[in-house]
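Peer 1: Sequence:
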Amino acid sequence: MMANTKGHCDQRAPLSSPTGNEVDCAKVANIVGMALGSGAMTRVFEKNSKAKIEPELRATLGRLAGICSCKGYDELHESFCRWFTREIRTAKGNKAASYGQAAKVLDIATKVFCYFCGLPSKKESERMIPWLHAAIDTPILKCLKSKYRDRKITATTLGEIDMETYQMLQSLVRDSALGMDLVRYEDWLWHKLNAQRKVQSPVTNPFS
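Under our numbering, think of the first position of the sequence shown as 5, with each following residue one higher.
Just so you know, the hints here were simulated from the structure itself, not pulled from any lab data. Virtual Cβ for every residue (Gly too), placed ideally from N, Cα, C. Among the clues, some could well be false.
[To be verified] Ranges of calculated distance between the beta carbons of each label pair, as one might list FRET restraints:
1) Gly-76 / Lys-126: 31 to 39 Å
2) Lys-126 / Lys-99: 18 to 26 Å
3) Glu-130 / Lys-99: 38 to 46 Å
4) Ala-199 / Ser-125: 15 to 23 Å
5) Glu-91 / Met-38: 32 to 40 Å
6) Gly-122 / Arg-155: 33 to 41 Å
7) Lys-127 / Lys-96: 39 to 47 Å
8) Lys-127 / Lys-99: 12 to 20 Å
9) Thr-160 / Ala-33: 16 to 24 Å
10) Met-38 / Trp-192: 13 to 21 Å
11) Lys-156 / Gly-122: 37 to 45 Å
[Unchecked claim] Taking lysine to aspartate or glutamate and the DMTMM-like style, the derived pairs with C-alpha atoms no more than 25 Å apart in a straight line are:
12) Lys-56 / Glu-91
13) Lys-146 / Glu-164
14) Lys-126 / Glu-91
15) Lys-75 / Glu-50
16) Lys-75 / Asp-154
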């Protein structure tokens with residue numbers, strides 16, 4: 005997946021990175037695999053979903069280099085999530101995947117891509133980190149519901165999160181972060197809640 009001069013990528017190309025660097029190509033392959041979480045995907049989404057999602061996710065990561073503003077990132081994010089909810093079905097009930105499930109895939113991918121790996125370049129990743137969204141999983145959802153009881157969040161799983169609820173949750177994370185980048189705060193909160201969950205309750209499927 006090579007990026008062109010406008011920051012877009014060729015979806016027909018083999019798995020690659022926006023920079024064309026061979027080391028980065030391996031990183032992108034690992035990032036895509038991590039975001040899709042093969043075991044969880046098999047249980048929640050219909051058979052062969054991974055093969056459909058991979059090229060779209062690679063294409064979206066390839067376009068990051070061409071994004072120049074927070075608004076541009078939000079538009080790219082929404083475009084991926086809308087595609088996901090149109091094209092991907094659940095294994096149980098053959099229902100359309102939810103906006104929350106779509107966003108979880110992309111938010112994990114962009115978190116690892118920019119925040120952890122410094123891609124597509126160190127300079128560009130530092131520019132984009134403030135735009136990244138928090139990757140909402142079930143423990144974080146539960147935490148927000150408990151902290152903001154007055155908001156009456158009805159969703160209990162990612163499968164119940166629509167676009168409006170997702171945007172509200174991002175706003176609540178932003179309020180909690182007190183000026184910290186969402187992805188940095190979410191990473192801290194995830195580790196805190198994950199440590200508590202290991203002691204208090206069994207692991208749940210992150211895509212359900």
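Peer 1: State for each hint whether it applies.
Peer 2: Hint by hint, here is what the structure shows:
1. Gly-76 / Lys-126: 31 to 39 Å: violated, 20 Å
2. Lys-126 / Lys-99: 18 to 26 Å: violated, 41 Å
3. Glu-130 / Lys-99: 38 to 46 Å: holds, 39 Å
4. Ala-199 / Ser-125: 15 to 23 Å: violated, 33 Å
5. Glu-91 / Met-38: 32 to 40 Å: Given about 21 Å between the Cβ atoms, the range is violated.
6. Gly-122 / Arg-155: 33 to 41 Å: holds, 35 Å
7. Lys-127 / Lys-96: 39 to 47 Å: The hinted range 39 to 47 Å holds for Lys-127 and Lys-96, with Cβ atoms some 44 Å apart.
8. Lys-127 / Lys-99: 12 to 20 Å: With a Cβ separation near 42 Å, Lys-127 and Lys-99 fall outside 12 to 20 Å, so the hint is violated.
9. Thr-160 / Ala-33: 16 to 24 Å: For Thr-160 and Ala-33 the Cβ distance comes to about 34 Å; the hint is violated.
10. Met-38 / Trp-192: 13 to 21 Å: holds, 19 Å
11. Lys-156 / Gly-122: 37 to 45 Å: With Cβ atoms ~39 Å apart, the hint holds.
12. Lys-56 / Glu-91: holds, 8 Å
13. Lys-146 / Glu-164: holds, 13 Å
14. Lys-126 / Glu-91: Since the Cα atoms of Lys-126 and Glu-91 sit roughly 33 Å apart, the hinted pair is violated (cutoff 25 Å).
15. Lys-75 / Glu-50: Roughly 32 Å separates the two Cα atoms, so the pair is violated.
16. Lys-75 / Asp-154: Since the Cα atoms of Lys-75 and Asp-154 sit roughly 29 Å apart, the hinted pair is violated (cutoff 25 Å).
This entry does not satisfy hints 1, 2, 4, 5, 8, 9, 14, 15, 16, going by the numbered hints stated previously.
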